[in-house]
Amino acid sequence: MNKNLVHISDLIFYKKSSKDILEFLRKNKIENLEFFIEPLDEDYTKKMLEILENYEFKSISFHGPFRKCNLADMTKDSWEKTLYSYEESFKLSKKYNPSFMVLHSNEGIPSQKIDKELKNKISEKIDSLVKLGRKYDIDVVIENVGIGKNMVFSQEEYEDMILKNNYKCLIDIGHAYLNRWNINELVKKLKNNILGYHFHNNNGLHDEHKPISHGKINYLDIVELIKTYTPSANIVLEYDFNEDSEILLEDYNKLKELFN
0 MNKNLVHISD LIFYKKSSKD ILEFLRKNKI ENLEFFIEPL DEDYTKKMLE
50 ILENYEFKSI SFHGPFRKCN LADMTKDSWE KTLYSYEESF KLSKKYNPSF
100 MVLHSNEGIP SQKIDKELKN KISEKIDSLV KLGRKYDIDV VIENVGIGKN
150 MVFSQEEYED MILKNNYKCL IDIGHAYLNR WNINELVKKL KNNILGYHFH
200 NNNGLHDEHK PISHGKINYL DIVELIKTYT PSANIVLEYD FNEDSEILLE
250 DYNKLKELFN
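Going by numbering that gives the first Met the number 0, the sequence shown opens with residue 0, and the numbers climb by one from there.
Watch out, some of these pointers could steer you wrong.
[Stated by the list, open to error] Using C-beta positions, here's what the derived DEER-type ranges look like:
no.	residue 1	residue 2	range
1	Glu52	Lys115	42 to 48 Å
2	Arg25	Glu86	30 to 36 Å
3	Asn202	Lys255	23 to 29 Å
4	Lys57	Tyr228	21 to 27 Å
5	Asn191	Tyr83	31 to 37 Å
6	Leu48	Lys130	25 to 31 Å
7	Asp136	Leu248	29 to 35 Å
[To be verified] Each computed BS3-like pair below joins lysine-lysine, with the alpha-carbon atoms no more than 25 Å apart:
no.	residue 1	residue 2
8	Lys115	Lys148
9	Lys80	Lys94
10	Lys190	Lys255
11	Lys190	Lys226
12	Lys45	Lys14
13	Lys134	Lys163
14	Lys18	Lys57
15	Lys130	Lys188
16	Lys15	Lys28
17	Lys2	Lys93
18	Lys28	Lys45
19	Lys80	Lys93
20	Lys188	Lys118
21	Lys26	Lys14
22	Lys188	Lys215
23	Lys148	Lys67
24	Lys112	Lys80
25	Lys115	Lys188
26	Lys67	Lys45
Hint data in this document are derived by calculation from the structure and do not stem from the laboratory. Bear in mind that the values here come from a model prediction, so they are computed numbers and not experimental data. Glycine included, every Cβ here is placed at the ideal spot set by N, Cα and C.
Given these sequences and hints, build the entire structure.
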């Protein structure tokens, strides 16, 4: 069985140039990365491709388009852009043999009524994108997103959706904590479907994407839970781009030791 591999999300590098990112990766011998992928953002896509073509990774995953794509947006134009973005993402990422592609499950739009009809329509879109991923032999993993009033699916609804459809999923620990989900039960229930985790911390009120040692979540407990129930899932440190990359590096190395 494969061991948990620790990855860094390129979110922390969002404001940096490809030259600076490559220098950091080479200097610190970073082996595993998760790339955000946004086909509708040409400049960002160009930067991402420069890194992929000029650095050799041991393991990579991709975070699907979200800045310009929201499954809760029910306009025809929005869905057409989302379908285009994901198909282009699958085409591009297939070349690099990713572990998976992350899909938001998804945030509600402010002032939008989150009801059964909306949930059903979002569920249909999720299913379409999962099937599209299969066409390209890429596992789409459904991430739990949305905080408080913007949370579309409750823990029970999220779990039911994953298990009923046998979807693969990625658990964002920070989001689960903010929504007061029972993380122990979540992991135990979905253990056979979980391919990855997003690690970041917060103050219990806002989705801050702080380093794992800077917040209210006890990640030592989370590490033991993951090692016990999902010993081959990817761990992705998803820190905000305003955070210190040196702290990220410290956490990356500490987690590699803990999961070894």
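Going down the list of hints, with the structure as the test:
1. Glu52 <-> Lys115: 42 to 48 Å: holds (46 Å)
2. Arg25 <-> Glu86: 30 to 36 Å: Check passed, 32 Å falls within 30 to 36 Å.
3. Asn202 <-> Lys255: 23 to 29 Å: At 27 Å between Cβs, range holds.
4. Lys57 <-> Tyr228: 21 to 27 Å: holds (24 Å)
5. Asn191 <-> Tyr83: 31 to 37 Å: Taking Cβ atoms as reference, Asn191 and Tyr83 lie about 32 Å apart, which means the hint holds.
6. Leu48 <-> Lys130: 25 to 31 Å: holds (26 Å)
7. Asp136 <-> Leu248: 29 to 35 Å: holds (33 Å)
8. Lys115 <-> Lys148: The given pair, whose Cα atoms are some 15 Å apart, holds under the 25 Å limit.
9. Lys80 <-> Lys94: Distance ~22 Å between Lys80 and Lys94 Cα, so the pair holds.
10. Lys190 <-> Lys255: holds (21 Å)
11. Lys190 <-> Lys226: holds (11 Å)
12. Lys45 <-> Lys14: holds (14 Å)
13. Lys134 <-> Lys163: holds (21 Å)
14. Lys18 <-> Lys57: Roughly 20 Å between the alpha carbons, so the hint for Lys18 and Lys57 holds.
15. Lys130 <-> Lys188: Distance ~23 Å between Lys130 and Lys188 Cα, so the pair holds.
16. Lys15 <-> Lys28: holds (18 Å)
17. Lys2 <-> Lys93: OK: Lys2 and Lys93 at ~23 Å, within 25 Å.
18. Lys28 <-> Lys45: holds (23 Å)
19. Lys80 <-> Lys93: holds (20 Å)
20. Lys188 <-> Lys118: With a Cα-Cα distance of about 21 Å, the restraint between Lys188 and Lys118 holds, given a limit of 25 Å.
21. Lys26 <-> Lys14: The hint holds at about 19 Å.
22. Lys188 <-> Lys215: With Cα atoms ~24 Å apart, Lys188 and Lys215 stay inside 25 Å; holds.
23. Lys148 <-> Lys67: Given pair Lys148, Lys67 holds - Cα atoms ~21 Å apart, limit 25 Å.
24. Lys112 <-> Lys80: holds (23 Å)
25. Lys115 <-> Lys188: holds (24 Å)
26. Lys67 <-> Lys45: holds (17 Å)
In summary, the structure agrees with every hint in the numbered list given earlier.
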